[in-house]
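Kindly produce the complete structure, drawing on both the sequences and the hints.
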Amino acid sequence: MRIEKIILTNYRQFRQVEVTFPRKPDTDLHFVIGTNGTGKTNILNAINWCLYGDEPHLSKDSQRLPLMNLKTIDKTGIGKDGDVSVEVWAEAEQGAHITFKRQALFRKNDDGQMMHQGTKFEVMTNDERGNTNIVTDEDASAWVERFVPMRIREFFFFDGERLDNYFKEATGQNIRHAVFQVSQIDLLENCVERKLQDTLDDLTKEAGKANPKIEEARTKLEQVQGRLDEIRKRVEECERQIEIARNKVAEYGEKLKGVPDIESLEKEKQQLEADFRETKGLLREKKDEKESLLLESGNILMLWPAIRMATQLIEDKRRKREIPPPVDKGFLEGVLRNETCSVCGRSLDDSSSKRVQELLREVELSSETAHRLIQMENPLSQFRDRVEEFEERIRSITGEIVKLDKVLTGISLRKNQIDSQMAGYDEERIREWYHERMKFEEIRDKNQQQLGGLQVMRRDVEDDFDEAQKELDSELRKEKKAKGLTKKVAFCARALGVVKSTREAMMKETREGIERETRKQFSKLVWKKATFGDVQIKPDYSISLIHSMGYECLGSVSAGERELLALSFTLALHQASGFDSPILIDTPVARISDVNRENVAKVLCEVSTTKQTVLLFTPDEYSKEISGFMDGRASGRYSLKLSRDETEAKVEVL
Amino acid sequence: MPRLPDRLDVDKADRELYDHDTISKEILPGRTRKEQFLFAMAVGFRNQVKRPLDAREGFFLAKDMRPEDEALIDTVAIHDTGSVDVLFDRVAVFRIAEEYAHAGIRLLYDDVTSGQPGSFFKKLELELFSLVEALDSE
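Chains as they are written, first to last, in our numbering: chain G, 8 to 661; chain C, 151 to 288.
Any given hint might turn out to be false.
Below 30 Å or equal to it, Euclidean Cα-Cα: the simulated DSS-like pairs (lysine-lysine) are [stated by the list, open to error]:
no., chain 1, residue 1, chain 2, residue 2
1, G, LYS413, C, LYS272
2, C, LYS200, G, LYS293
3, G, LYS515, G, LYS527
4, G, LYS477, G, LYS227
5, C, LYS273, G, LYS413
Not everything, but these chain C residues come out facing chain G in the computed CB check (under 8 Å) [claimed, not checked]:
no., residue
6, LEU154
7, LEU188
8, ALA192
9, ARG196
10, GLU218
11, ALA221
12, THR225
13, LEU274
14, LEU278
Where chain C lies over chain G, by a calculated footprint (3+ residues, C-beta under 8 Å) [what the hints assert, rightly or not]:
no., stretch
15, 311-319
16, 397-403
17, 503-515
Simulated from the structure, these hints should not be mistaken for laboratory data.
Since the structure is predicted, the reported quantities are computational estimates derived from the model, not experimental observations.
C-beta atoms are modelled at their ideal positions from N, C-alpha and C, and glycine is treated no differently.
Below, the structure written as structure tokens:
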């Protein structure tokens, strides 16, 4: 099936636009080129809205605007009706035509608002004899399911940006889900497996009516099953969270590869600054101590000749026994006061009195001087000690100062190293990356812990389930009336087992097919062919990109290479799905480097030989690597242009 | 007996030198008047220059001196007069100290204001080491 044309009426930027997609005999390749805001992505939305009733790729700007074209709203009178419609004309096998049309009806109220009156969806089919058949509701939806089933539309109509994100979150579960959807195993599960399970439940319930013990065992089994389902869901969610967190940790790890740990460096720098301040303080203290010592010792050393002289004079006086003075001053004063000699008791005559007075004057002088000299002895001795210690103390303090200076130099050097390590990096962004990585590491660890507990619980409940199952089987065997039912129950259980193993085998086969095709496509797409050794989709559905040196490298490849892998995988899914529906990609090569763009162009051209391919490019994307290769092969090329008042977009054929 | 002076004086003009930023904040930061005076006296003595004071002004009280401070000015007086008898005359002892300080503070000021910043203590250290060396060789 392919899209012949789309007709947009009053849909967002498009008042009345018809885009036809005629095919060439050898290719079915079409481009729509438009700058951002001209409505390129809204073509993707229009197809989704027509077929499925939603607009999954709506931009924030478009979300604020009404569905109906602004110019149309303006021209619609109060109380008048207007409508929005999108038609997708598809061409099926053997010339049959299918037209999907969704129409939303509006009425303008007194406030000028377009009030939604209802939506109609219909499908018109033309058979080879020219008969037209119109269907609505479920029948119309059934036609959509035949064209591109809603559950797998994301692999047919998608945004190129999505490709890059595809392998970032819960890869294993995404791939399992995709394989499950495209291989249509869900039909087996929904139709056969569920039916068998319902039949099995009905039969057991019927048996329970005949015997209360059977009913009791059945109810117990049902309860255990409920618990088991609940735990399994929690385990699955836990595993999903772990996988998301692991991929995020790897993604941030990749971003931070070779990038300095800004936070640690900043912490170290802060510590260094604190150390620097502290050491600087210690150095100041030591320098002050040295300066004080120099000043105090300076006094003594500069006065040393005087100190030495005084010391020698005191020593002389000591030697001559002039210190302390030989006669006590108080004794002579007593003799004069009493006018009597205190030794012989004789009264003092004038000449004796004069002699004692002279003696007293001499002694008074000597006594005061001697007293001062004695007082000086101790300080002079201390000065000597300080002079002797001076050299050693100064050298010791100087040594400490040199050490502290070295410490400061070391700190400054390290600070400069850190500054140069941090120079040129967006510190805020790197800090945010580190925080994000730490956050996801915590999420991963927390879920891993939780998973451990849940796995133990699951084993216990699985044991309970086996026990309850045995109990029910035993009760059923005991009941003669339920003999026939028992056989039916056993048959259903066996059939269910066969269906389940068939489902797993089909899943395996599909997975292996997708793996082969992904490998093939990726090898065509990627420029560095020698770099990548293999692409594997493992039994747990996780995807591995193996480097030629043998190690896993999905986490470390560029965004463009990851996008190429996702495109390869999508093309492989297309093949596995069995649907030959068109592929429509918005911004297919936005993140892909020039060297890989040519390969993408080649592969998409090849795809277009068997499948209609519609690519929505921005002018930047439509580079010479793309246009040079694709222009000659394209069946149709269109350009989107926006009116001056930006309310209407037109499509021009290039 | 001669009167006991209660204070030591400086020349009025010297106060400006003692309060000069380089001396009060860089060379002798946080030092008391007595400490500033004794250092100036030591500088004057070291250079064997003393100058009579033109206009006296009290600088610090004698009672603030510890025995080791008094010992320093006493040794200067003994050295200057060549006799211990001078110790009895406190006026003379103080005058000798004041005259050395008067000359010393001017020398110090001239030295620190003409030299490189930070070089004072380096020079002082070298000078003191040379003095110690001279003592060792005695």
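Checked hints:
Among the hinted pairs, LYS413 (chain G) with LYS272 (chain C) is consistent with the structure: their alpha-carbon atoms are about 19 Å apart, no more than 30 Å. With a C-alpha separation of about 34 Å, the suggested pair LYS200 (chain C) and LYS293 (chain G) falls outside the 30 Å cut-off, and the hint is violated. Restraint check for LYS515 (chain G) and LYS527 (chain G): the C-alpha separation of about 18 Å stays at or below 30 Å, so the hint holds. Among the hinted pairs, LYS477 (chain G) with LYS227 (chain G) is consistent with the structure: their alpha-carbon atoms are about 11 Å apart, no more than 30 Å.
Restraint check for LYS273 (chain C) and LYS413 (chain G): the C-alpha separation of about 23 Å stays at or below 30 Å, so the hint holds. The closest approach between the C-beta of LEU154 (chain C) and any C-beta of chain G is roughly 11 Å, which is over the 8 Å cut-off, so the hint fails. Below 8 Å, beta-carbon pairs count as interface contacts, and LEU188 (chain C) has one with chain G at about 6 Å; its hint therefore holds. Interface restraint check for ALA192 (chain C): the shortest CB-CB distance to chain G comes to about 4 Å, inside 8 Å, so the restraint holds.
For ARG196 (chain C), the suggested interface contact is upheld, since its CB lies about 4 Å from the closest CB of chain G, less than 8 Å. Taking 8 Å as the C-beta contact cut-off toward chain G, the hint placing GLU218 (chain C) at the interface holds, the least distance being around 4 Å. Below 8 Å, beta-carbon pairs count as interface contacts, and ALA221 (chain C) has one with chain G at about 4 Å; its hint therefore holds. With 8 Å as the threshold, the beta carbon of THR225 (chain C) comes within range of chain G, its nearest partner Cβ sitting at about 4 Å, so the hint holds.
The restraint placing LEU274 (chain C) at the interface with chain G holds, with a minimum CB-CB distance near 5 Å, inside the 8 Å limit. For LEU278 (chain C), the interface hint holds, since its Cβ comes within 8 Å of a Cβ in chain G; the closest pair sits about 5 Å apart. Look at the stretch 311-319 of chain G against chain C: 6 of its residues bring a Cβ nearer than 8 Å to a Cβ of that chain, three or more, so the hint holds. Only residues whose C-beta sits within less than 8 Å of a C-beta in chain C count toward coverage, and the stretch 397-403 of chain G has 3 of them, enough to reach three; the restraint holds.
Here's how the stretch 503-515 of chain G fares: 0 of its residues keep a CB closer than 8 Å to some CB of chain C, so the rule of at least three is not met and the hint is violated.
Hint compliance for this structure: hints 2, 6 and 17 are not met, and every other hint is.
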